[in-house]
Each structure stands twice: as C-alpha cells, then as structure tokens.
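Novice: Chain by chain, the residues run as shown.
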Amino acid sequence: MIAVLDEAHAPDAKPRPAVDLRDVSKVYANGRQALAEVDLTIPAGDFVFLVGPSGAGKSTLIRLLLRDELPTTGLIRVGSYEVSAMRSRDVPRLRRHIGTVFQDFKLLPRKTVRENVAFALEVTGSPRRLVSTAVDRVLELVGLTAQAEQRPAQLSGGEQQRTAIARAMVHQPRVFIADEPTGNLDPLISWEIIRLLLHINDLGTTVLMATHNAEVVTALRKRVVALDEGRVVRDAVGGYHGSH
Amino acid sequence: MIGFLAFAARRAAEGLWRNRVMSLAATITMVLMLVLLASLMIILSGMQAGLALIESRVEMRAELFDGVAQERVEELTRQLTALPEVAQVSYVSKDEALRRFRAQLAAGGHEDLTEVVGANPLPAQLVVRLRDPKSFGSVRQTLASPAGVVSRIVDQQSSVDRLVSITSWLRVVGLIIIALVGLTVLLIVVNSIRMAVMSRSDEIEIMRLVGASDAFVRWPLIFEGVIIGALGALVTLGLLSLAAGPISQLAGIIAVDLPVASGGRLATDLILVISGVGVMLGGLGAWISVRAYLGSPQAR
Ligand SMILES: Nc1ncnc2c1ncn2[C@@H]1O[C@H](COP(=O)(O)OP(=O)(O)O)[C@@H](O)[C@H]1O
Ligand SMILES: [Mg+2]
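If you read the protein sequences in the order shown, they are chains G and W. In the numbering used here, each number is its position in the first sequence, counted from 1, plus 1488. In the numbering used here, each number is its position in the second sequence, counted from 1, plus 67.
Only chain W is shown next, with the shape it has when bound in the complex (with noise of 0.2 Å):
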C-alpha cells in the first residue's frame, strides 16, 4: 500500500514536471478561483460580523408626548413585554433624558448648549431592546395603538434592512461568480490530465500489456489532478497569510472584530474550505478526465 501511494506519487510528480505549461495554467487558475472564494468568505463574514454587531443594539426608541398620565404608559410598557420579540422596555424620563444627552456631549468635548434653552426640550422615551431585528412590525403596531402617547418611533429598521440584503446579494453573486470560475477551473484540469493520459499513453499501453491492474494505471493521474489542487490552495493560503493583518486592520477600521488571525476561527474555516476544495476540484477533475479519456475500469 505504501508502497503503491509512493508508486502513484512518483509518477503524478513526473507527470506534472512533463506537462509544467499546462500543470502551472491549472494551477494558476486554481489560485485564482481560490483567493475569490477565500474573499467571498471574508466579506460575508464580515458583513456577518457587522450585522451581528447592530443586532446586537437592535433597539427601538419610542418618544412619548409631554404629559402623558402615568398610567398609560405603564399599561403600554406592559403590554409591549407581553411580546415574544421584546427583551426588554425601559423607560427614560424627561430629565434622565436630558441627563444622558448631556453626558453625551460632555464625551464628545462639546459645548453644553442645553444650559442656554432653560427648558427640557427633550421627550420622554420607552427603549424597547428587541430579541430579533427583523420582528419591528409587531412593536410598532403596539406603540401606535394607544392614541395620544408615542409621539415618534426611531428605529434602525432601515439600515438592518438593506445590510441584511447586501449580504444576500454578495452571496448569491459572489456564489454564481465563484461556481462559474469554479467550472473553469474544472475544465483545465480535465484538459491538463487529458493532456497527460496522451503524453503517457504509449507507457499506458505498456503498462496494460505487462498486467499493471486498472488502479497503477488510474490513480497517478488522480493524483496529479490533487496535486494541482493542494498546489493551488497552498499558494492561496500562503497569499491569505500574507493579507491577514492588513485585512483585519481594515476591518477594524469599519469598527467589525474579524478572526482572520491564525487560531482565529475564519481563518480555521478557510484553511480547511480552501484546501478542501482545491483537492476535490483537482481530483473530480482529473477523475472525469480519467473516465472520458480512459474508458471505464472494465474496458480493456
């Protein structure tokens, strides 16, 4: 067995120096359709990131109208924490309010022109901490229902909306883009291997001829297809290694935590999407090709 894997190794190595143009294409290609899906994970999982961080502070922040009885807004507060998507109400006074605006600015280095106004301009508000983002629907309805108490609904609906659709996007687009340069790929290796069964198909006729079994003739040439895929995702995750602290420095900038870092778990994830895919690319490939230019194992 050893022995055999050594044969089948020697010989895909062998193969693949012949035939170094077409092995160095495939390869290259292999690269290329590998450091697009690498980039797509990357962006998905920070824009993932990114979402997850506003859902996080997914609240919604209802100001009620000066003057509002009590009693309204207790029953209001209620039934909203009857709902299944409200983690949580809470009330903020008018003076509370202004208290945190105040502190606010005080952060910021601005200058506290409250002071100036002499009166409260600030209403009073319920903050309404939702378990879900996308479940405003129900809440907002019940903030509306009681004439006379909420004056105005501040959300983030929108902007949760359209990252949730970007990301959508991304990856259906970058999923069509990464399958068709996947095919690409595929279609250059089978050729790169075809290329190979014919450099070599005097030795496969000898090799045939003096009782080599179907296995010595067929899995050097799988292995070659391997080869150019474990190839490729190597020098992929050699370039990736090389972008990993500019990458998360960028993303740092737009305020998102990304684990590329070795250890980190993007990074475990890629390194095993990436490699994984770059040898069953290879291999598939070179296994059609086998098929298409070798016939099945039962013609002779």
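Bound-form chain G, shown alone (with noise of 0.2 Å):
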C-alpha cells in the first residue's frame, strides 16, 4: 500500500501505467498468430473494457499479463512488474499484485466460500492469525458474509463469482483482470458482477474486464479497446461495436 501511494504521488516522476504493452506480438506454438503489434497503455485507477469476437486474442493478452504464456516479440509491464523479462521466481509476486477472475469460477467445490478465500492466503504462506480477518474483510466488500460456510454447489452462479472476486482481492491486488466475468450469467446477476467491479475500481484498483456483453459496454460509457484477429481495431470511451 506504502509503495502504491508513493508511486502516485511522487511529485517529480510521471505515475507509472498500471498496465503496459509495447508492441506485442503472440504467435502460438502451432502457428497460429493471436495477438499483432499490440500497444496498450492502461493508466493506473482506470476501468477498460476489452471487446472483440470470439478468438480475437482477449484471453491472450490477459495470459500474456499473468505471465501465463510469454510474448514472442514486445515489452509487457504491470506496474513495476517488467512481465515479459521477469525470472520466473518472481512470478508469484506478479500473481499477487493482480487478482483475476474467470467465466468458469475456478472455485474447489470441497471448501467453503471462507475457506476457498483463505486458500489464496494459505498458499502464499501469510501468517494463520492474519487469515481470518482477511478473509472477513473482502467477503464483507463481496456481501458474502452470510453465505461464508457453504460450499460452492449451495451458491448461485453470481454468489460463485463473487467468492472469487474475493478471493481474487484478498491479496489487495493493484490491478483486478476478470475474463469474461458474466459470461455464465444471466444479465440480472451480470448486472450485480459489473457493479461489484466498479466498486472495486471506486477503491482504487485498476480494472481490465474482457467481455462479450454489449448491453453493458455500450451503457457504462467506459474506455473500451477492441481486438480483432489480434489487433486492436478500436480504442475508445464508450460503444461496443464501434460507430467508427
């Protein structure tokens, strides 16, 4: 937190970008090119939505972000993460400074909703005594505290996204990446998800959401950049499809 307020606030140095691509290119093992010559800078505390068809390298990019694949050609940084030069032992950090959520929720159906949570705490070895309090924080910031003792097959779809919003914040991650976060649910509980998000980024966390949902795209009037076949064919506040 120290770190993340001296960096915004230090009076002679530009902030740094929360996200940053120069460049990017990702070309698959097995030829196929998914990302083209991507640049992408994403100031940090903004809220950007990333469009496109099915198969225009949004999933992609958010790998290449995690450092779950490496780009072929291009500079990626995260914060003061340089992502794409990093040792691989310092990937966990990187992991820790972004919280991510998917469409399939990635929850073990054995935990409860508490226990699911603190497992991201468990496993980044924090101190048993701090867990509990952690824990009740952001499932309090979700509004899953009533539901902290059942498993993930008791919840509803939304309430299974939201624990792992939780869990995905537990770690008070700068930027916040959901990929295709709505994509299991219906507009109703969509609706509830995006607000969720957008009061994460009312906190102070930068937010990257892949999607496919133009209804609310096109009525939150946020940054949104658009990818085709690996290319960002737009960049722009507001409007899904483009009304070039």
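I should point out that these hints are in silico values taken from the structure, not numbers from a laboratory. Ideal Cβ positions, reconstructed from N, Cα and C, are used throughout, including at glycine. Just so you know, not all the hints are guaranteed correct.
As the list claims (entries may be wrong) - Among the chain G residues that face chain W by a calculated CB cut under 8 Å, a handful are:
(1) R1584
(2) D1592
(3) K1594
(4) A1606
(5) V1611
(6) T1612
(7) G1613
(8) P1615
(9) R1616
(10) R1617
(11) R1639
(12) H1659
Two chains, each in its own frame: build the complex with the hints.
Specialist: In structure tokens:
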C-alpha cells in the first residue's frame, strides 16, 4: 500500500501506468497468431473493457499479463513488473499484484466460501492469525458474509463469481483482471457483478474486463479497447461495436 | 518457516487421506521391502558373527610322527613363528594330548576307553593359531616341507570357505532382490504421488493463479512421499521389535550372539538404515513424480 501511494504522489515522476504493452505479438507454438503489434497503456485507476469476437485474442492478452504465456515479441509491464523479462521465481509476486477471475469460477468444490478465499492466503504463506480478518474483510466487500460457510454447489452462479472475486481481492491487488466474468450469468446477475467491479475500481484498483456483453459496455461509457484477429481495431470511450 | 512446514505437513496428510487406498498400497509395499532389507541385515550380521566366532578359533593342528627328533620340531616351530600370518605356535606332547583327550571325555560324561588300550595312541601335535583364517596356504606349505615330521594336517579351511562364500553369495542375491523390490516401491510411490498431483490439478492451477510460490506447490507433495516412507519404516521397526526376542533366541541356539535387542549395535543400525532408506525412497519417488508431472520449477 505504501509503495503504491508513493508512486501515485511522487512529485517529480510521471505516475507509472498500471498496464503497458509495447508492440506485443504472440504466435502460439502451432503457428497461430493470437496477437499482432498490440500497443496498450492503462493508467492506474482506470476501468477498461476489452471486447472483440471470440478468438480475437482477449484471453491471450490476459494470459500474457499474468505471465501464463510469454509474448513472442514486445514488452509488457504491469506496475513495476517487467512481465516479459522477469525471472520465473518472481512470477508469484506478480500474480499477487494482479487479482484474476474467469468465466468458470475455478472454486474448490470441497471447500466453503471462507476456505476458498482463505486458500489464496494460506498457499502464499500468510501468517494464519492474519487470514481470518483478511477473509472477513473481502467477504464483506463482495457481500457474502452470510454465505461464508456454504460450499460452491449451494451457491448461485453470481454468488460463486463473487466468491472468486473475493479470493482475487484478498491480496489487495493493484490490478484486477476479469476474463468474461459474466459469461455464465444471466443479465440481472451480470449487472450485480459489474457493479461490484465498479466498486472495486472506485476503491482504487485498476480494472481490465474482457467481455462479450454489449449491453453493459454500451451502458457504462468506459474506455473500450476492441481486438479483432489479434489487432487493436478501436480504442475509445463508450460503444461496443464502434461507431467508426 | 514453521508456518510453511506446518502448511506442507497438513496438506500432505490431507492428500494421503484423500488417496488413502493408493497411500496404503504404497505404504504396504514399502513395509515389505523394508522387512526384506531388515531380514537381510539380520541374517548377514548373524553369519558375520558366526564367521567371527569360527575365525577367532581358527587354528591348524599338525600331528607329528612318533619319535621325531626334538631339534627338528623346534626348527619347524621357529619357521612357523617367523611367518607373519601365524599368531602363536604351541607344542602338545603325546602325554599332554592324552590328558586333554581324557579331560574331554570326562567332561562329556563318557567312559574312559584309553585305559583299556594301554599304550598312548595319540600323536604329539603342533597347534598353530592363525591371525587370518584365509592364510592357510603358506602355513600348510611350511608344515609339509620337512620330510618325516608332520604326519597329518587338520584344519577348518573348508568350513570357513563355505561360510565366507555363502555370506557373500547371500549379500549379492539379497541386495539384488532388495534393489528390485526397492525399484517397485519407487514406482509405486511415483504413481501414488502422480495420483496426488492429478487429484490436485485444480488446486495447483489455483495456487499458481493466486501467486503461490513453487515451494508451496511442490513440498506438500514431496512430504507425502516422505510420510509414506516414514510410516513404512515405523511399521517395519514395530514388527522387528516384536520379533527381536524370538530372533535372539534363534541366534542363541546356533551359538551366535546377535545384538538385535534394543540398544544393541545391530538394533541401532537397523533403526538408522530402515528409517533412512524408507524416508529417502519415499522422498525420491515423490520428487521424481513432481518433476515429471509438474514440470521443472522454471516451466510455469
Ligand atoms: N494455447 C493455444 N495454442 C494455440 N492457439 C491458441 C491457444 N490459445 C488460443 N489460441 C488461439 O489464439 C486465438 C486467440 O484466442 P483467445 O485469446 O482465446 O481469444 P478470445 O479470448 O478473444 O476468444 C484463437 O485463434 C485461438 O484458437
Ligand atoms: Mg477468451
């Protein structure tokens, strides 16, 4: 937290962008080009939609940010992390700097909501005495305090995604990435999730959300980056398909 | 650090319980192998003890012709004593030989038949104590070289040879069997940990996603192997401690003093070797499995 405040308020330095891609291309081992010469800068604190048809390269871009994949060419920075050039033993710290949720919620079915969230702290070596207060805090943030002792199977889809969001937020990440978080949810529930992400953004976390949900994107008038066949074809505020 | 160890141990125990059938199978084969290993150690150590017993009594007796000149016997004694492999040479006269024979008969409760014979049928002897049971050759040569002195050489070479060869044969065969069983155990542990990795693939994906370091992913799995080894060793040592009494008795019957009882040297060796081999084999199997199914630490 302190480091972040210093960054934001350092008088002589330009604030560091939350996410910065320079001329990034990704060709998979099978020869498939998923991203081509992508330049993208997301200032700290922004809320950005990443849109585009299926296969446009949205998930690939997210995997590159998480260093789940390496770019074929180009530079990637997330906060102070040189993602494209970092040692693999630093990758865990990058992943704690980024909170991530997916269309499938990736919850552990045997664990309760509380345990699913606590898991993220336990496996990163947080002292046990700190776990329970940290978990309580994020469960309150996502509004699942009452469901803390339930298992994923007992929850609605929206509640499952909120559990995943709580888990992603428990390390207090500076960047929050959601890959089609509402893809499995009906419209009403989707709006609840979007509202939660907007709230997280209000609290100071940079949010990048890949989505197909045109209704949400058009309604919110946030910055929209559109990908098609691996290229950025539009980068403007508002609109889903782009009003050229 | 303590927190990490507690975490890894807790997760390992959880994992073992989740795959309990496989864990049990791995532990049982581990016990089987360790019992074999312990048996080999005990038998070899028994044979070693037997060998030592025989070796400590290793001597050659040379029976002398009646009426050999005293100087010739003394000359032979000097030659023998000069040999480095000879510890001691003692002369037993005909009378002394008879006295010993009678004493032996009396001790055994047998009737003394020598009185009936009248004349002393026993030859005078040179008793040669050896430092090393395997160095019969030169002593035998020296004894045989002066003509008309030594009538017959009595030694225990053949029995020593046999025991030495049985011991080394047993050691080789035993080690081969144990190596094969050990390999089987290794494969079973590898497989058991592979199952653990697969049943945890979701958890492992999430761990990596939320920024768990590699140690947190790997060590619990390696602990699972170590725990299988340690449990196997514990069960084996338990079985051995139950069997220690009967084994000692058995050894006592064949006149060998086996230090299997607690505190004995063999017991200490067994505890160290069995737990060491168990833990190392379990850890190694898990390590191989983790390398194979999670990739090297660099591959993420
Ligand atoms: N691991 C992979 N190996 C090979 N090709 C892939 C892989 N992942 C994605 N692709 C391909 O890359 C392109 C972009 O995919 P993706 O990033 O998943 O798009 P989106 O998330 O926008 O639907 C697609 O053509 C897809 O088939
Ligand atoms: Mg996708």
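Novice: Against each hint, give a clear statement of whether it holds in the structure.
Specialist: Checked hints:
| no. | hint | verdict |
| --- | --- | --- |
| 1 | R1584 | holds, 4 Å |
| 2 | D1592 | violated, 11 Å |
| 3 | K1594 | holds, 6 Å |
| 4 | A1606 | violated, 11 Å |
| 5 | V1611 | holds, 4 Å |
| 6 | T1612 | holds, 5 Å |
| 7 | G1613 | holds, 6 Å |
| 8 | P1615 | holds, 6 Å |
| 9 | R1616 | holds, 7 Å |
| 10 | R1617 | violated, 10 Å |
| 11 | R1639 | violated, 14 Å |
| 12 | H1659 | holds, 7 Å |
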